[in-house]
Amino acid sequence: MRKLITIVLVCFLGISGFAQIVTIQEKADNGKTRTVEMSGPKIVDINSSLEVDVNKREVLKAIELQYPQLKTQVELESKIDALQKALENQESIINILQSSMPSRDQQQTFFFQIDRFLMLVGQNSELRAQVNALYAEYDNVYGITGSQDLPAEAYIIQNLNNDLDKLVEDLNTSKPQAYSVSLLAFKKDPSGGDRVHVKNFDTYTERDYVTIDRWVTTLSEEQKKKLEDLRAKAEELNKSNATLFDELKQLFKANFPNLDCIGEVKDNLNDMLQDPQLAGPFTTDLKNISSKIYKDLGSLQVLIDLFNKNFDSWDVDTVFQAADALKNLKQEFESISISFDSFKRTAASIATLQTKADTLVTSFTGCYSALKDDYDNLTKALSLIVKRQSNFIKNKEIGKEVLKFTATTLPQKGFINLKGTGNRSNGDQLLIEVVLRFPASEDGMPEQIITLEEHLLTMQLIGIRSEVAVGMLLMNPNESSLDFEPERKFYFAPGASLLFKFGSRKSMTYNNIVDFGLGINFASPDLDTDGTPEFGVGIIATAIRDIISVGYGYNVTIDAPYWYFGVNLPFNFPGIPVNNVKTTPTN
Amino acid sequence: MNLKRTTIIPTDDPNLAKQLFQSFIEKEMLVLMIIIGDTDTIRTAMPTADSLAHKIYFNMERWVLWVRDYEVLRGTLEQKLAESPNTKDMDYDDIKCFSLSPIQDLADGVIQKNGVLDYVSLQQSFFKAQSDDIAFTNNPNT
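Heads up: the sequence lines are chains P and S, in that order.
Oh and the first sequence: position 331 is 331 in my numbering, straight run, nothing missing.
Oh and the second sequence: position 132 is 719 in my numbering, straight run, nothing missing.
For the record, the hints were derived by calculation from the structure and aren't laboratory data.
Please note that a few of the clues may not be correct.
Stated by the list, open to error - Computed Cβ-Cβ distance ranges for the label pairs, DEER-style: (1) P/Thr-173 to S/Gln-666: 54 to 64 Å; (2) S/Lys-675 to P/Gln-177: 49 to 59 Å; (3) P/Ala-133 to S/His-641: 39 to 49 Å; (4) S/Thr-628 to P/Ala-440: 21 to 31 Å; (5) S/Lys-675 to P/Lys-175: 22 to 32 Å; (6) S/Gln-666 to P/Glu-137: 36 to 46 Å.
Said to hold, decoys possible - Sample of chain S residues with no beta-carbon within 10 Å of chain P, all distances over it, derived: (7) Ser-610; (8) Lys-642; (9) Glu-658; (10) Gln-666; (11) Asp-676; (12) Asp-692; (13) Leu-693; (14) Lys-700; (15) Val-707; (16) Ala-722.
These numbers come from a predicted model, not from an experiment.
We put the CB at the ideal spot given by N, CA and C, even for glycine.
Only chain S is shown next, with the shape it has when bound in the complex:
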């Protein structure tokens, strides 16, 4: 699996995992996709997500974080979901993918465990998150 725009979060060191996640959060002008779990479906979908992360729309970079274990960033990710208006009522354990907007880091574009991970759904997830911050990433006069 040759993933060029994907970071695999370590599962054996929660502190390191959190620091890595935080470092991506702090990067602005970057749409971040979080994929959680390590099933065959997810392994098959990772190259697709990575490929979509290479595509840049309106100068906005994309990156994928692969969190293979639900527990390693549970608190952090649950908090992100709870803070975002479109995901606040969702159950972390039912989710296998979502994206964070580039400036406010709002969670959006959730793909639930029973959903399909393919170009269509992953691209939709990236776009949803990017659209949440249009007001902050663009000059209103342009």
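Extracted from the complex, chain P is given alone in its bound form:
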């Protein structure tokens, strides 16, 4: 069945003329180069450099396939590009050809340039046919011996120039659509990912230069502590990664202005307006100001309430809506504050209103101050969310540092130095994409991006490497070698192992799951349970990422061999018994 699927797939790919845009060469530290099999698991050495070869012809095919509207334009551009390249040295070629006594250097230049011209012509079947036809035409026009004034190559170049002018004119009259092609690379790891610099294709700076050590033999105290800190930090970050945005949202919501004080100010104002005793002193002007304040306070209440409700449904992509809402809120605050100042000034001139007005102004001032604090807190919380959103978008979007090319001006090669991609671990991935980009049709809209091809490579230390592992072992001592009666069959003992492992470039299953290790184990058991740790040394074999281990060792303190196994689950197992230390009863 598997064979049948393979045959069908091969036939399909053959018929459809499918080929890769990108081929990747891996250069190891020892200088060895290999082509990465794109149909295989695509595992590359974590410390290698990659040479990314871009096949322009396949880029053109992919564009035609995925975006047929561009076919004519891309074909024209391709012809123009081929002609422009071939005609690069045309002036020099013609000058030397028509020179009566060219020097040795000039002849050397001529032969170099004409060889390049014929080579480039030869690489393009259409152009080649055209040049062959022009040679034949030249023979017909000028005879087999040709013209001294106009040698064959000069005649051909003249004609090609005319064609080039016509092609450029055709392209311009066809109103070409703006597009560009880019090559991108991203590193994907458990914490998210990062952009990766591809030389010739972008101007990103490389990250910290990190070589992943192949031979790890010791784990210093400092490293242990650092590892623990890092692990704890990573766990915290991993946990917070998914929820950080929600937590920030909660923080934002916690700072939402309290609407109660606005209600109180509104009530006080309403009381004042409705008080028959104050109807006389209230001037029309003051009434208008008061009504406006009353109305604005109502609007503010609605605005805050709406903002609060809407905020629940906004996600990391729509934070800008919150920023807009907050901006509206600020405008409303300022408008009410100005109106109140005006109210205060006008009311101050009316003696009978003084007491009531003062009470109202005091309650408003307190409320305004509280609202202002809440607003400031909201702004701070929003800036955190916006920052979070920026980080989120930054890793996803194509930066301005990524260079844009047409299908014909794409560089032939790009280079990625994996050591320059910063910290990374076995199993981290590298995504390489060739994308077609169309500028936004309207201002403020994002550009349209179509992926033409993508490859996901896995980084791994290939070949033999060493690792240090620690874990709990269950030891079974050889009873006949003990000079005491063992309390049980298995004893727990902590152990550290120096393991030799092998990274495969053919099997992800092996690297990610099987992951055999073989090495030396050092353990500190307490088989006689006297409270003093003994020292044991042995050989160990591990599998499934060191979760399972088995080995044979010798307790050099009490001269007893033992075999052991270990199950190091990536979490604490509750209820693991510990060896009971014998205690001597005190008399």
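Fit chain S to the known structure of chain P by using the hints.
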């Protein structure tokens, strides 16, 4: 086929073939193109090669030798290929055309059996061979 600047090497007399070849080798200031085999493709390409041999660049004459049988000059041609830096690793049986430089008689401009014989490739072959001897065919002060 009216070939004016092409000599067809006899296939039935190896000694004569060798003498003829040698006589062309001894001529200086002549870029020599060797076309080997007698397939339809080669027959079609011969007038093209002959036509290009009429074209003279920087006063250097051109001539075409048509060796219709691979065996008739095998030893001589294999030796020429082996002596030339640009062709020393090439297999004679994979080649259907190459040119010899005018003074040192270095082989260059190889067109392999799977290559195309047309104006573009043949002209490139002539030019490559001529460029190998620029130092010997020109006064450095000119």
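The hints, checked one at a time:
no. : hint                               : in the structure
1   : P/Thr-173 to S/Gln-666: 54 to 64 Å : holds, 59 Å
2   : S/Lys-675 to P/Gln-177: 49 to 59 Å : holds, 52 Å
3   : P/Ala-133 to S/His-641: 39 to 49 Å : violated, 18 Å
4   : S/Thr-628 to P/Ala-440: 21 to 31 Å : violated, 54 Å
5   : S/Lys-675 to P/Lys-175: 22 to 32 Å : violated, 55 Å
6   : S/Gln-666 to P/Glu-137: 36 to 46 Å : holds, 40 Å
7   : Ser-610                            : holds, 24 Å
8   : Lys-642                            : violated, 6 Å
9   : Glu-658                            : holds, 30 Å
10  : Gln-666                            : holds, 26 Å
11  : Asp-676                            : holds, 20 Å
12  : Asp-692                            : holds, 18 Å
13  : Leu-693                            : holds, 14 Å
14  : Lys-700                            : holds, 16 Å
15  : Val-707                            : violated, 5 Å
16  : Ala-722                            : violated, 7 Å
When the structure is compared with the earlier hints, violations turn up for hints 3, 4, 5, 8, 15 and 16 and for no others.
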